[in-house]
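Novice: One-letter residues, chain by chain:
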Amino acid sequence: MSQKIHSHVFDNGLTLLAEPIASLESAAFTLLLPTGFIYDAPARVGVANFACEMMLRGCGSRDSRTFVGDLDNLGVERGESCGASHMSFSGATRAANLMPALAIYADLVRRPHMPADQLEAGRMVVLQELQAIADDPAHKVMVELRRRHYGDPWGRPSAGEEAVLESADIDEIKTFFATHSRPNGAILAVAGKIDWETTVREVGKLFGDWKPIDVSPPSDGEHRRASEQLDHESNQTQIGVAYNSVPYNHPQYFQAWGAVGALSGGMSCRLFTEIRERRGLCYSVYASHHTLRDRGSVLCYAGTSAERAQETLDVLIAELSRLAAGIESGELDRLKARVKSGLIMQQESSSARSGSIAREHYLLGRVRSLDELSKLVDDLTCESINAYLAANPPRDFVVTTLGPASLELPDGVS
Amino acid sequence: MEFREHRLANGLSIVAECNADAHTTAAGFFVNTGARDETDEVAGVSHFLEHMMFKGTPTRSADDVNREFDEMGADYNAFTSEENTVYYATVLPENQDRAVGLLADIVRPSLREEDFTTEKQVIIEEIGMYADQPPFGADDKIRARHFAGHPLGRSVLGTVDSVGALTVDQMRDYFRQRYSPGNMTLVASGRVDFDKLVDLTQRICGDWEPVKTDRQVPDHAAHHGFETLTKESATQEYIMQLANGPSATDAQRFAAKLLVVVVGDDSGSRMYWDLVDSGLAESASMSHHGYQGAGLFMTYLSCDPENAEDNLRRVGDIFRRVESEGVTAEELATAKSKTSSRVVLSGERPRGRLFNVGLNWLSRQEYRSVKDDLDAIDGVTVDQIAAVLKRWPLSKSTTVAIGPLATMNSQQ
Chain A
81 MSQKIHSHVF DNGLTLLAEP IASLESAAFT LLLPTGFIYD APARVGVANF ACEMMLRGCG
141 SRDSRTFVGD LDNLGVERGE SCGASHMSFS GATRAANLMP ALAIYADLVR RPHMPADQLE
201 AGRMVVLQEL QAIADDPAHK VMVELRRRHY GDPWGRPSAG EEAVLESADI DEIKTFFATH
261 SRPNGAILAV AGKIDWETTV REVGKLFGDW KPIDVSPPSD GEHRRASEQL DHESNQTQIG
321 VAYNSVPYNH PQYFQAWGAV GALSGGMSCR LFTEIRERRG LCYSVYASHH TLRDRGSVLC
381 YAGTSAERAQ ETLDVLIAEL SRLAAGIESG ELDRLKARVK SGLIMQQESS SARSGSIARE
441 HYLLGRVRSL DELSKLVDDL TCESINAYLA ANPPRDFVVT TLGPASLELP DGVS
Chain B
615 MEFREHRLAN GLSIVAECNA DAHTTAAGFF VNTGARDETD EVAGVSHFLE HMMFKGTPTR
675 SADDVNREFD EMGADYNAFT SEENTVYYAT VLPENQDRAV GLLADIVRPS LREEDFTTEK
735 QVIIEEIGMY ADQPPFGADD KIRARHFAGH PLGRSVLGTV DSVGALTVDQ MRDYFRQRYS
795 PGNMTLVASG RVDFDKLVDL TQRICGDWEP VKTDRQVPDH AAHHGFETLT KESATQEYIM
855 QLANGPSATD AQRFAAKLLV VVVGDDSGSR MYWDLVDSGL AESASMSHHG YQGAGLFMTY
915 LSCDPENAED NLRRVGDIFR RVESEGVTAE ELATAKSKTS SRVVLSGERP RGRLFNVGLN
975 WLSRQEYRSV KDDLDAIDGV TVDQIAAVLK RWPLSKSTTV AIGPLATMNS QQ
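Heads up: the protein sequence lines correspond to chains A and B, in order. Residue numbering for the first sequence is 81 to 494, as defined by our numbering. Residue numbering for the second sequence is 615 to 1026, as defined by our numbering.
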């Protein structure tokens, strides 16, 4: 498959990435703005997320109604979120509408109005986001797990803390924006039916004169990882388990990731087979590799009725511990097949590609081609994965539970 | 892009949208059966049976089925709705035969009692999971109330009691009655070798024995009403409303789709500006669902319990206003842009086309290309939307609320 990923770094530090895909009619963008929740002051977690909400309420020459109306008329399917390191703004539409859409987003990240008279409406939006999570135990348990596993600032709840959302005023939000929104460290990725020369020229006009600002990276707070069981009135008990791994830029990342691929990902994987298929303990169970730029983890989830929760946790921990003994060649072959198909399937979605190349550039500092990625995966061997596992067996688990059951935590849990 | 179709002597239909430029191939068995085809005695059997299809065949164990899908790197799954059950996989084109062969094998399952007993526990966990998530079962409650006594009022999941009491023999009977080749369609999209597809299907499925199947499509009178269910542990109040709308075969369904974008899309709609942008509700949106012989407009609202009554009144005001004044040409033009863009984006993936082609075929034995759908959207007028509202007023609805509130004023 012919594939070319272009990149350009503007003088102000903004990275532009582009992957033309001739077979598509659409084009998509992902804009990562380095203003995530790790930049919130330790006692003010939630200001970044509140700022993200306020940024959507008009920018440049548009008030909030024309902002939404113009994007709708361009047919832009869009989304935004406030993550750990970045706020993410993404959209997809017919290729001809990409540049007009990007012009609106240039206003959004450079000239948002954040109108004071809409502060209370915005506050209600972000507070209700918290309420929605409180009503969704499967979501909530993973928020609480990350908090206990990563600590501050990486394990903060992305929606923010209630007291901060209730007390933030418009000055605090505008100040956060003014002192953090910047081109240096921002990544704009586009994919689909696009032309590189035009893209780099037009993006230069929209973002080239944006002034960089210095922002100090946040430092890690004191943190002792610890398990915790939280009470919740529900039928099921939710179980989250986390342990340390390596990040994406680590030389053994693919070994670590390949090991998790034996645990979870397809229906023949270990957790699905042992917990759901053989024992019928759960409907939903998974493990996934979660990577930040400088650290990685494996996060696992299972939801089950209270009386079966202990057995579910015991089997889950036993399977994680058994992984240290290594994986088999059949498991690796299936993982490779899954990755190969997955990479090709991504080529049929401009949004999937723009998101992938943006994230990869953040994590690695460059983007690997699909051929390079395929080769890395093809070159994986059971020996290398098992050597990694022997030296780094899953251990020091942090467990968070949410529900009516109080569980006995197995050995090896922090 | 080329549409092909073929029917085996036993009645199994094969339809495909073949796109030589696609990178992948999607295929699936679409079975014309779901909750509406059940009786009280077997409530939930369609969905339970969907799970059992992955538990093995006379020549494959459950482990074999999962392993073989994973060996192909397939992206595969299944779902059950009120009227369809669908088993599907997306694979690289070189795996077309293997994927279709495997799908064709699993839809003739062994239905072993031991697997049935284990999987029953998984289904009961699934029911428990949904009961813990918004809207905490209110979706089943409102459907039962709105369709009172009509087959479309049935729950897809069933209940812990109905699934608990189900026997493997009842499931085998249901399978024999509903999975007749004439009641199934093999659908494919993306890069498809159609001649090979037909040959393979003939070899594997040609001896499936047909039995007569039918479906009850009774008329239904909507049973309007208002019910408040109390769930003290919930933080927010969740409110659903159902109103009748055009069915899956009704030509007015395109106007209905655009109407819900104007009134209740999750961004930029009348409900969005009044309720979501203002922060009065966490979410407020509307969708249209067409079935055989019936259709629904579904409204979903979640908010702080304190605002629930006021928000519901606001929704009522929005409905009454659009019924009396209609939508503007400008609103309609925006709705067309959004909807067309969605059609184009989902049409780029063989998986997106698979569901479109398959569900159109099941509903109407009709093939519609992306262009056909774009033209239909483009052709909708303000007057056609007014006609939809006249025939199916949004304000004539059934409401169920669940959350901390003990009572709610039903005057909207």
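Just to be clear, a hint being listed does not mean it is correct.
Pairs of lysine-lysine, DSBU-like flavour, derived with a Cα cap of 30 Å [unchecked claim]:
hint: 1; chain 1: B; residue 1: Lys810; chain 2: B; residue 2: Lys755
hint: 2; chain 1: B; residue 1: Lys950; chain 2: A; residue 2: Lys273
hint: 3; chain 1: A; residue 1: Lys84; chain 2: A; residue 2: Lys420
hint: 4; chain 1: A; residue 1: Lys420; chain 2: B; residue 2: Lys950
Hint data in this document are derived by calculation from the structure and do not stem from the laboratory.
Novice: Please go over all the hints and tell whether each is borne out by the structure.
Specialist: Against the structure, the hints come out as follows:
Between B:Lys810 and B:Lys755 the CA atoms are separated by roughly 46 Å; this puts the pair beyond 30 Å, and the hint is violated. With a C-alpha separation of about 22 Å, the suggested pair B:Lys950 and A:Lys273 falls inside the 30 Å cut-off, and the hint holds. Taking the CA atoms of A:Lys84 and A:Lys420, the gap is about 18 Å. The hint holds against a cut of 30 Å. The suggested pairing of A:Lys420 with B:Lys950 is violated, with an alpha-carbon distance near 37 Å, which exceeds 30 Å.
Violated hints for the displayed structure, listed by number in ascending order: 1 and 4.
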